[in-house]
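Engineer: Based on these hints, arrange chain B on the given structure of chain A.
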Amino acid sequence: MHGAVEKEAVTDLALVSAIRNGDEDAMAALYDRYSSIVYSVALRVTGDTGAAEDIVQDVFLQLWRKPAAFDAARGAMGAWLAVIARNRAIDSLRRRRPETDIEDVVIAVTPDLADEAERHRVLDKIRGVMTAMPETQRSALEMAYFEGLTHSEIAARTGDPLGTVKTRIRAGLMALRTVVS
Amino acid sequence: MNGHEQFAEDLALHAMHALEGSDLAALEAHLAQCATCRSELESCRGDLALLALSTSGPKPPLRARERLLRTIAAEKASARPWHMLAPHDTRWLSGLAWVGAAAMLLLAVALWQENGTLKQSLAELRVSVGSDQAELQRVRETLAALSAPEAQHITLVAAQQKAQPQGRAIYLRASGRLIFLASGMPALPPQKAYELWLLPLTGNPVPAGVFKPDARGSATVVNPPLPAGLEAKGFAITVEPEAGSALPTSTPSMVGLGS
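Sequences listed follow chains A and B, in order. When you line the first sequence up against the numbering used here, it's residues 1 to 181, in that order. When you line the second sequence up against the numbering used here, it's residues 1001 to 1259, in that order.
Just chain A, same shape as in the assembly (with noise of 0.2 angstroms):
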């Protein structure tokens, strides 16, 4: 692996084996993979260039510094990346310390994004899902999570009452799940 690391041709199992081995180029060829998904996720909650520039390095030396926290049954890895993404951002949002241990994101069946032709077209299908939504049922879910507020918050913003929030929220959930069933 030492040197050789072609992108798309190596799992994402090897990549993170070859990093347990201290291999900088298969870090890089994981950066070069997913690092525009961490960073788009960063981006989108901080709303801020530099916060999200942090999360990315924050959330890849992770990687780096935990390779064994990665296992192919907690999830795949492009989302595991993002949900821990999320998480930090969050945080940062918060200005706390972080609440989640890599370790301990783990993810239910989500789609192999290794490849660029199939990540392409998973995220096609996912953005799809999201346009197609009623506004008011994105803009609840877009608000929990990527906002971090609580129900009783978007309660309170939106003017709607608490049942009907938590139904938009249940209702965007089970559209989406439609990307992989």
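Read the hints as simulated data drawn from the structure, not as lab findings. The reader is advised that the hints may include incorrect statements.
[To be verified] 20 angstroms max Cα-Cα, derived SDA-like pairs, lysine to any residue:
| id | chain 1 | residue 1 | chain 2 | residue 2 |
| --- | --- | --- | --- | --- |
| 1 | B | Lys1076 | A | Arg20 |
| 2 | A | Lys66 | B | Ala1077 |
| 3 | B | Lys1192 | B | His1017 |
| 4 | B | Lys1059 | A | Glu53 |
| 5 | B | Lys1059 | A | Asp124 |
| 6 | B | Lys1233 | B | Lys1192 |
| 7 | A | Lys66 | B | Ser1078 |
| 8 | B | Lys1212 | B | Ser1183 |
| 9 | B | Lys1212 | B | Leu1172 |
| 10 | B | Lys1233 | B | Leu1172 |
| 11 | A | Lys66 | B | Gly1217 |
| 12 | B | Lys1192 | A | Ser152 |
[What the hints assert, rightly or not] Here are some, though not all, of the chain B residues that point toward chain A, as calculated from beta-carbon distances under 8 angstroms:
| id | residue |
| --- | --- |
| 13 | Leu1019 |
| 14 | Leu1053 |
| 15 | Glu1242 |
| 16 | Ala1246 |
[Stated by the list, open to error] Here chain A is said to cover these stretches of chain B; the calculated rule only asks that three of the stretch's residues, wherever they fall, bring their Cβ under 8 angstroms from a Cβ of chain A:
| id | region |
| --- | --- |
| 17 | 1038 to 1052 |
| 18 | 1056 to 1063 |
| 19 | 1066 to 1074 |
We put the beta carbon where it would ideally sit given N, CA and C, even for glycine.
Structural biologist: Just chain B now, with coordinates in the frame of chain A:
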């Protein structure tokens, strides 16, 4: 969901840490004994991963990549973590062992020569540590007295005056340590709590602990999770849902600004 429909909506919120108060307590109690709902919670987390992936934006600037690679190269050069060593590294380790043994021998001789000096230093340190431990014990006892539920908190005010709600925050910016003492706090409505906020020089208030006063209106908050180094221009208190809020949702009932 097989009869668990009433929790379906709360599971989605719980998966993104957006559930609070009695709803959260009821769901956690249910999750402890329901494998079906635990499984559904995992599925919700999977759905949320898809939501994270729905974001689209520019690639990070090239400097971010260079910064990361510089950092990991420096970390690798300074100290390669032992847990990263692969089985084929063991031959290298074997050679290193002989070098290490020789170095240890030289070190032992040097240490023997310094032994006398160290014994004297150790005696001095013992005296110092004993003093520090006594001081630490005094601090612990003070803190325990301040936060003990049975402690009497009595606020003195000018004669003929009715006691007013009071709060005193003692904050160490460098370490992010905070001790807050309150007295005379009015009783709260059901499912509400007071939330203490650190007011930074710029930006939004930072949560600094949720508390409910006792029957006499007294309360303490000791070392809530706060980032070290955050400069405070003051502190404020609002009434929030029991689980606390990320940002204030009501007008501050008490505010104190540093001099």
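Engineer: Decide, hint by hint, whether the structure agrees.
Structural biologist: How the hints compare with the structure:
no.	hint	in the structure
1	Lys1076/B <-> Arg20/A	12 angstroms, holds
2	Lys66/A <-> Ala1077/B	17 angstroms, holds
3	Lys1192/B <-> His1017/B	19 angstroms, holds
4	Lys1059/B <-> Glu53/A	10 angstroms, holds
5	Lys1059/B <-> Asp124/A	17 angstroms, holds
6	Lys1233/B <-> Lys1192/B	26 angstroms, violated
7	Lys66/A <-> Ser1078/B	17 angstroms, holds
8	Lys1212/B <-> Ser1183/B	11 angstroms, holds
9	Lys1212/B <-> Leu1172/B	23 angstroms, violated
10	Lys1233/B <-> Leu1172/B	12 angstroms, holds
11	Lys66/A <-> Gly1217/B	47 angstroms, violated
12	Lys1192/B <-> Ser152/A	12 angstroms, holds
13	Leu1019	7 angstroms, holds
14	Leu1053	5 angstroms, holds
15	Glu1242	10 angstroms, violated
16	Ala1246	5 angstroms, holds
17	1038 to 1052	holds (count 11)
18	1056 to 1063	holds (count 7)
19	1066 to 1074	holds (count 6)
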